[in-house]
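One-letter residues, chain by chain:
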Amino acid sequence: MEKILKKFKTIEPKEEFKRRSLAIILNTPQNEYQPKPFEYLGSFFNLQKIMGLTAVATLLIISGLSFLNNKLIGPSLVSNLNQQDLNKEMESFNIQFSQIKYYDDSAKRIEVALMKTSGESVTKEQNEEINQILDELTL
Amino acid sequence: MNLLSKIRLVTASIFIVGLFLNISPANAQELLKNTLGEINGKIDRIDKIKGDQILGNEEKDIQETEARKDALSKILEITILENNDLKEKLESFSNLPENEQRIKEALIKSLEENLSTYQIMKERLEEIETVIQVKQLASDFKNWRALVYNQKTEKITAFISVLKQKEALETAKERLQNIKKDIEKIEAAEIFKREDSEEVLKKAASGIENAEILNNKAEKMIVEILDQELFPKKGIFNKLTFKNIFSKEKTAPATVKQYVGDSLKQLQTTYRIFLEISKLAKEKIGLK
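Line by line, the protein sequences are chains A and B. Residue numbering for the first sequence follows the working numbering, beginning at 2 and increasing consecutively. Residue numbering for the second sequence follows the working numbering, beginning at 248 and increasing consecutively.
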């Protein structure tokens, strides 16, 4: 038995086996280091960073609230006093009236045009009036 | 109505409807202005040909006839465009009181009656061969416009202006009510004090009230004139009534439009007040 055990001491792997085993070990991906969650946060949040982030967050909150106040809360209080809407309404009233005025102008203009087409003479005043009407209409 | 009249009516309808396919109200207005501008160019061309010293007499006659025909055709085109524009404007009014609805329908019918004249004009225009003929046709059309078309148009536009303004007044009244609600909200939020707005709101309300009074005056006048003219009452005093109305009739549409114009000025003043309130409210809230 003792003999057998002593013989074991001298046992060595073959050279080929050694090389193959070494190659397998070296090519096997190593386990990455996985820090524990709190360990990671602890390393990230040092005092300086915490202070900086707090400042940025405060700034964002304040500007966000101010934006909401201006864009949502303020106008919603006075949505019926929106200047654009008021101007649009006033403009539509003016357009309605100018559409009616067009007919007075065109009646004069066409009368003179028909006088010219029929060979009747047109006075200087009529000509001037027509030019003025045309200027107004094309403005 | 004989067969020829029916054919004319159908042809006129196709011709006129064809001119108006896919034209929205805003585009119709632009089209009218542009066509009116084009007429000016056509008239200038007549003068140019007449003054041309190089052209021989015969060639000048041919070119002048064409130029006059061209101008007359454009004038006919704009008259039809106007006719349809007025018809569309009248058709756009709904929920009118019974008497105004009756007037509206009668006015639409009177515009439709113009179609046969346009068709006759178109046919005569196609047959023209000489300068004298085209001058005569232009003269006939001018007389028809003066005696029939312009008088109709004057009254119809006065009627339309009154009704359109009624819609504007409704918009302004609604706007005032909504602004009052807004102001109540900002008063409740202690952004605005009652004395900041009370006086200006009173001014705005009074502006709308004045605008409405003027519009009602205009409405009464034009409805009375059109009612008498379109639906004359039969009776012993009919002639006398008609004479009275006729003497008023010439100036009435212009007076109606004057009232409408004055009413519009009141509305403009009111909206300037609204804009002032808006500016003040935004300053108080801290908005730009």
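Any given hint might turn out to be false.
Said to hold, decoys possible - Computed Cβ-Cβ distance ranges for the label pairs, DEER-style:
#1 Glu335(B) - Lys125(A): 50 to 60 Å
#2 Asp509(B) - Asn132(A): 22 to 32 Å
#3 Lys531(B) - Gly53(A): 30 to 40 Å
#4 Thr55(A) - Glu446(B): 24 to 34 Å
#5 Gln85(A) - Glu446(B): 20 to 30 Å
Stated by the list, open to error - SDA-like cross-link-like pairs, simulated, lysine to any residue; straight-line CA separation at most 25 Å:
#6 Lys102(A) - Leu448(B)
#7 Lys464(B) - Ile96(A)
#8 Lys102(A) - Asp474(B)
#9 Lys334(B) - Gln97(A)
#10 Lys526(B) - Ile101(A)
#11 Lys89(A) - Lys351(B)
#12 Lys289(B) - Ser93(A)
#13 Lys102(A) - Leu337(B)
#14 Lys102(A) - Thr498(B)
#15 Lys102(A) - Tyr365(B)
#16 Lys109(A) - Arg422(B)
#17 Lys109(A) - Ile455(B)
#18 Lys512(B) - Asp105(A)
#19 Lys109(A) - Leu323(B)
#20 Lys89(A) - Glu359(B)
#21 Lys89(A) - Tyr365(B)
#22 Lys102(A) - Lys382(B)
#23 Lys102(A) - Lys526(B)
#24 Lys351(B) - Ile101(A)
#25 Lys109(A) - Lys382(B)
#26 Lys125(A) - Lys334(B)
#27 Lys526(B) - Ser119(A)
#28 Lys289(B) - Lys89(A)
#29 Lys89(A) - Gly288(B)
#30 Lys109(A) - Lys526(B)
These aren't lab readings, by the way, just hints derived from the structure by calculation. Note that the coordinates shown come from a computational prediction; the quantities given were computed from them, not determined experimentally. Glycine included, each C-beta is placed from N, C-alpha and C at the ideal position.
Against the structure, the hints:
| no. | hint | in the structure |
| --- | --- | --- |
| 1 | Glu335(B) - Lys125(A): 50 to 60 Å | violated (37 Å) |
| 2 | Asp509(B) - Asn132(A): 22 to 32 Å | holds (28 Å) |
| 3 | Lys531(B) - Gly53(A): 30 to 40 Å | holds (37 Å) |
| 4 | Thr55(A) - Glu446(B): 24 to 34 Å | violated (49 Å) |
| 5 | Gln85(A) - Glu446(B): 20 to 30 Å | holds (25 Å) |
| 6 | Lys102(A) - Leu448(B) | violated (31 Å) |
| 7 | Lys464(B) - Ile96(A) | holds (22 Å) |
| 8 | Lys102(A) - Asp474(B) | holds (23 Å) |
| 9 | Lys334(B) - Gln97(A) | holds (15 Å) |
| 10 | Lys526(B) - Ile101(A) | violated (32 Å) |
| 11 | Lys89(A) - Lys351(B) | violated (29 Å) |
| 12 | Lys289(B) - Ser93(A) | violated (33 Å) |
| 13 | Lys102(A) - Leu337(B) | holds (16 Å) |
| 14 | Lys102(A) - Thr498(B) | holds (16 Å) |
| 15 | Lys102(A) - Tyr365(B) | holds (24 Å) |
| 16 | Lys109(A) - Arg422(B) | violated (37 Å) |
| 17 | Lys109(A) - Ile455(B) | violated (33 Å) |
| 18 | Lys512(B) - Asp105(A) | holds (19 Å) |
| 19 | Lys109(A) - Leu323(B) | holds (15 Å) |
| 20 | Lys89(A) - Glu359(B) | violated (34 Å) |
| 21 | Lys89(A) - Tyr365(B) | violated (38 Å) |
| 22 | Lys102(A) - Lys382(B) | violated (29 Å) |
| 23 | Lys102(A) - Lys526(B) | violated (32 Å) |
| 24 | Lys351(B) - Ile101(A) | holds (17 Å) |
| 25 | Lys109(A) - Lys382(B) | holds (19 Å) |
| 26 | Lys125(A) - Lys334(B) | violated (35 Å) |
| 27 | Lys526(B) - Ser119(A) | violated (57 Å) |
| 28 | Lys289(B) - Lys89(A) | violated (37 Å) |
| 29 | Lys89(A) - Gly288(B) | violated (34 Å) |
| 30 | Lys109(A) - Lys526(B) | violated (43 Å) |
Violated hints, in rising order: 1, 4, 6, 10, 11, 12, 16, 17, 20, 21, 22, 23, 26, 27, 28, 29, 30; the structure is consistent with all others.
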